[in-house]
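Undergrad: Residue-level listing of the chains:
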Amino acid sequence: DAGITQSPRHKVTETGTPVTLRCHQTENHRYMYWYRQDPGHGLRLIHYSYGVKDTDKGEVSDGYSVSRSKTEDFLLTLESATSSQTSVYFCAITEGPNYGYTFGSGTRLTVV
Amino acid sequence: GESVGLHLPTLSVQEGDNSIINCAYSNSASDYFIWYKQESGKGPQFIIDIRSNMDKRQGQRVTVLLNKTVKHLSLQIAATQPGDSAVYFCAEILTGNTGKLIFGQGTTLQVKP
Chain B
1 DAGITQSPRH KVTETGTPVT LRCHQTENHR YMYWYRQDPG HGLRLIHYSY GVKDTDKGEV
61 SDGYSVSRSK TEDFLLTLES ATSSQTSVYF CAITEGPNYG YTFGSGTRLT VV
Chain Y
1001 GESVGLHLPT LSVQEGDNSI INCAYSNSAS DYFIWYKQES GKGPQFIIDI RSNMDKRQGQ
1061 RVTVLLNKTV KHLSLQIAAT QPGDSAVYFC AEILTGNTGK LIFGQGTTLQ VKP
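In order, the protein sequences belong to chains B and Y. Oh and the first sequence: position 28 is 28 in the numbering used here, straight run, nothing missing. Position in the second sequence counted from 1, then plus 1000, gives you the numbering used here.
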């Protein structure tokens, strides 16, 4: 989607290795979110950010950490990947809670 | 607890017919609702939104209805087309300033030619 890109688009990694996913936006939006999507669960919030260096946990944050050192980038890190973290990860941005949200195209992560 | 759910996992309709996708939510503190469409291999795409001070909102071929009394949300698609085939999610935002979206599990809309 215009203004938001996720990288990589696909990744296969081994159990126990660290993995970092990147979300980059050019909209200068304050709010950024990381979701994971699994069959039967819809999209579930992992972590979110409401400003540079301001982050908080979502409903499925165990095993994940995030960082936001500048407005345009929101990084999601799996410190030690597990097979249960195999999923599709989506980043979303918005300028405010009651404005529209734009989603990235997703990162498909497979942990073997 | 907080939850947003859709009534049917799959809805199959004939091309040209109207589609109605339903969603029930449990949190009366929610004040903003959004419908998303997700095609295979893509991220969710915004369709239409509605705020809690409204009960109906119309877009191009789509209408969202909000019934706060029974905590029910619906998406109506007029003259359904093959390009409407996708998974549809409703999402709610709780009152406050964190902007966290809570998603339902999704309804797959299949359009038969």
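Just so you know, the hints here were simulated from the structure itself, not pulled from any lab data. One or more hints might be untrue.
Said to hold, decoys possible - Once the Cα atoms are required to be at most 30 angstroms apart in a straight line, the calculated DSBU-like pairs of lysine-lysine come out as:
#1 Y:Lys1100 - B:Lys70
#2 Y:Lys1056 - B:Lys57
#3 B:Lys53 - Y:Lys1112
#4 Y:Lys1100 - B:Lys57
#5 B:Lys53 - Y:Lys1100
#6 Y:Lys1112 - Y:Lys1056
#7 Y:Lys1100 - Y:Lys1071
#8 Y:Lys1100 - Y:Lys1112
#9 B:Lys53 - B:Lys70
#10 Y:Lys1042 - Y:Lys1100
#11 B:Lys57 - B:Lys70
#12 Y:Lys1056 - B:Lys70
#13 Y:Lys1100 - B:Lys11
#14 Y:Lys1071 - B:Lys57
#15 Y:Lys1068 - Y:Lys1100
#16 B:Lys70 - B:Lys11
#17 B:Lys11 - B:Lys53
#18 Y:Lys1056 - Y:Lys1100
#19 B:Lys57 - B:Lys11
#20 Y:Lys1042 - B:Lys11
#21 Y:Lys1056 - Y:Lys1042
#22 Y:Lys1042 - B:Lys57
#23 Y:Lys1112 - Y:Lys1042
#24 Y:Lys1056 - Y:Lys1071
Claimed, not checked - Listed next, the stretches of chain Y that the computed footprint assigns to chain B, with coverage defined by at least 3 CB atoms under 8 angstroms from CB atoms of chain B:
#25 1044 to 1058
#26 1063 to 1071
What the hints assert, rightly or not - Some, not all, of what chain B presents toward chain Y, calculated at C-beta under 7 angstroms:
#27 Phe90
#28 Thr94
#29 Ser105
It should be emphasised that the depicted structure is a prediction, and the values quoted were computed from it without experimental measurement. In this text, a Cβ means the ideal position worked out from N, Cα and C, and glycines have one as well.
Undergrad: Please go over all the hints and tell whether each is borne out by the structure.
TA: To see whether the hints hold, each was checked on the structure:
no. : hint                  : verdict
1   : Y:Lys1100 - B:Lys70   : holds (20 angstroms)
2   : Y:Lys1056 - B:Lys57   : violated (33 angstroms)
3   : B:Lys53 - Y:Lys1112   : violated (49 angstroms)
4   : Y:Lys1100 - B:Lys57   : holds (10 angstroms)
5   : B:Lys53 - Y:Lys1100   : holds (17 angstroms)
6   : Y:Lys1112 - Y:Lys1056 : holds (28 angstroms)
7   : Y:Lys1100 - Y:Lys1071 : holds (19 angstroms)
8   : Y:Lys1100 - Y:Lys1112 : violated (35 angstroms)
9   : B:Lys53 - B:Lys70     : holds (8 angstroms)
10  : Y:Lys1042 - Y:Lys1100 : holds (21 angstroms)
11  : B:Lys57 - B:Lys70     : holds (19 angstroms)
12  : Y:Lys1056 - B:Lys70   : violated (39 angstroms)
13  : Y:Lys1100 - B:Lys11   : holds (27 angstroms)
14  : Y:Lys1071 - B:Lys57   : holds (27 angstroms)
15  : Y:Lys1068 - Y:Lys1100 : holds (20 angstroms)
16  : B:Lys70 - B:Lys11     : holds (24 angstroms)
17  : B:Lys11 - B:Lys53     : holds (27 angstroms)
18  : Y:Lys1056 - Y:Lys1100 : holds (23 angstroms)
19  : B:Lys57 - B:Lys11     : holds (24 angstroms)
20  : Y:Lys1042 - B:Lys11   : holds (16 angstroms)
21  : Y:Lys1056 - Y:Lys1042 : holds (28 angstroms)
22  : Y:Lys1042 - B:Lys57   : holds (25 angstroms)
23  : Y:Lys1112 - Y:Lys1042 : holds (22 angstroms)
24  : Y:Lys1056 - Y:Lys1071 : holds (14 angstroms)
25  : 1044 to 1058          : holds (count 5)
26  : 1063 to 1071          : violated (count 0)
27  : Phe90                 : holds (5 angstroms)
28  : Thr94                 : holds (6 angstroms)
29  : Ser105                : holds (5 angstroms)
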